[in-house]
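Peer 1: Spelled out, the chains give:
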Amino acid sequence: MEIGEERSGRSLVIAPLGRLDSVSSGELERVVVARLDAGERRLAIDMAGVEYVSSAGLRVLLLAAKRLKPPAGALVLCGIGPSVRTVLELAGFMSLFAVEPARPQALARLESTAP
Amino acid sequence: MSAGETRRLSVPATDEGIRAALDALEGLWTAQGVSRAVTWPVAVSLDEVLANVVHHALAGRGDSARVELELQLEPGDPPRCELRVEDDGPAFDPLAAIAPDTAAGLDERPIGGLGIELVKRLMDEVHYERKDGRNRLCLVRRLVAMEPEGA
Numbered sequence: 023m024e025i026g027e028e029r030s031g032r033s034l035v036i037a038p039l040g041r042l043d044s045v046s047s048g049e050l051e052r053v054v055v056a057r058l059d060a061g062e063r064r065l066a067i068d069m070a071g072v073e074y075v076s077s078a079g080l081r082v083l084l085l086a087a088k089r090l091k092p093p094a095g096a097l098v099l100c101g102i103g104p105s106v107r108t109v110l111e112l113a114g115f116m117s118l119f120a121v122e123p124a125r126p127q128a129l130a131r132l133e134s135t136a137p
Numbered sequence: 526m527s528a529g530e531t532r533r534l535s536v537p538a539t540d541e542g543i544r545a546a547l548d549a550l551e552g553l554w555t556a557q558g559v560s561r562a563v564t565w566p567v568a569v570s571l572d573e574v575l576a577n578v579v580h581h582a583l584a585g586r587g588d589s590a591r592v593e594l595e596l597q598l599e600p601g602d603p604p605r606c607e608l609r610v611e612d613d614g615p616a617f618d619p620l621a622a623i624a625p626d627t628a629a630g631l632d633e634r635p636i637g638g639l640g641i642e643l644v645k646r647l648m649d650e651v652h653y654e655r656k657d658g659r660n661r662l663c664l665v666r667r668l669v670a671m672e673p674e675g676a
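Each protein sequence line maps, in turn, to chains Y and A. Residue numbers for the first sequence follow this note's numbering, so the first one is 23 and each next one is one higher. Residue numbers for the second sequence follow this note's numbering, so the first one is 526 and each next one is one higher.
Keep in mind that the hints are not guaranteed to be accurate.
[Unchecked claim] Per the computed footprint, the stretches of chain Y lying under chain A, defined by three or more beta-carbons under 8 Å from a beta-carbon of chain A, are: (1) 25–37; (2) 94–100.
[Stated by the list, open to error] Listing some non-contacts, in silico: residues in chain A with all C-beta distances to chain Y over 12 Å: (3) Val567; (4) Ala576; (5) Pro625; (6) Lys656; (7) Glu672.
[Claimed, not checked] Here are the computed lysine to aspartate or glutamate pairs in the EDC-like style, where the Cα-Cα straight-line distance is at most 20 Å: (8) Y:Lys91 / Y:Glu24; (9) Y:Lys88 / A:Asp626; (10) Y:Lys88 / Y:Glu111; (11) Y:Lys88 / A:Glu611; (12) Y:Lys91 / A:Asp618; (13) Y:Lys88 / Y:Asp59; (14) A:Lys645 / Y:Glu122; (15) Y:Lys88 / A:Asp618; (16) A:Lys645 / A:Asp618; (17) A:Lys656 / A:Asp626; (18) Y:Lys91 / Y:Asp59; (19) Y:Lys91 / A:Glu611; (20) A:Lys656 / A:Asp618; (21) Y:Lys88 / Y:Glu51; (22) A:Lys656 / A:Glu633; (23) A:Lys645 / A:Asp588; (24) Y:Lys91 / Y:Glu122; (25) Y:Lys91 / Y:Glu73.
To be clear, the hints were calculated from the coordinates, so they are not data collected in a lab. In this text, all values refer to a predicted model and were calculated from it rather than measured experimentally. Backbone N, C-alpha and C fix where the C-beta goes; we use that ideal spot for every residue, glycine too.
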């Protein structure tokens with residue numbers, strides 16, 4: 023799977039593209055874990071290019087949220103389309119994440135995060 | 526209106542097999558001109574079911590283990606999709622698993638069992654039977670748009 027990355031100040035955006043399924047989620051997990059291990063503490067995951075997400079993809083989002091739980095860090099999801107939103111809601115995941123409409127708002131929220 | 530279409534395929538119980546099955550499903554939509562806006566719940570469900578078979582029922586069996594699939598699309602308003610998934614692994618009814626607590630907080634949230642719970646919520650019908658030493662799962666969904674609760 024293609025995974026875009028964009029640095030903005032103290033924040034990093036990771037943007038997976040395509041189907042976030044049981045096969046491709048491992049690739050996203052490797053990138054997310056590598057960046058967290060390297061010390062990233064403000065992370066946005068931009069889902070705008072994600073066609074759909076299955077539980078394997080939710081597992082990666084949950085992993086990132088646990089490692090970036092405040093005050094250790096901050097995670098914001100953005101670019102969530104109808105299919106991704108529906109799966110997040112069915113799984114009861116919406117309440118677990120900070121969500122913004124698009125990347126600019128996600129970055130603004132991350133930059134305003136203390137400290 | 527075009528006639529219904531059925532695709533039968535046998536894939537190895539590996540990630541490559543899951544990929545091949547999802548690609549075949551996409552091929553079915555494309556051939557019948559069905560919008561992705563209504564097909565994604567079926568694709569997510571097939572991924573969940575196959576991941577379950579590959580990583581649990583047939584885990585450790587190597588490349589020789591295979592999963593038999595029948596993907597069926599009946600035209601109509603709305604179209605109806607039916608998937609059959611068969612394997613010869615140990616008897617395992619995924620529908621009998623205990624549903625996860627989807628209201629738990631971040632720290633208490635388990636991931637196991639979530640996939641099958643999603644399948645139950647995304648598909649109209651899900652049936653399991655053990656027959657002739659094989660696990661048979663049948664999934665049905667009418668292809669109508671599925672909107673987020675807040676929409």
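Peer 1: Any of the earlier hints contradicted here, and which numbers?
Peer 2: Checked against the structure, the hints that fail are numbers 1, 2, 3, 4, 5, 7, 8, 11, 12, 14, 15, 17, 19, 22, 23 and 25, while the rest are satisfied.
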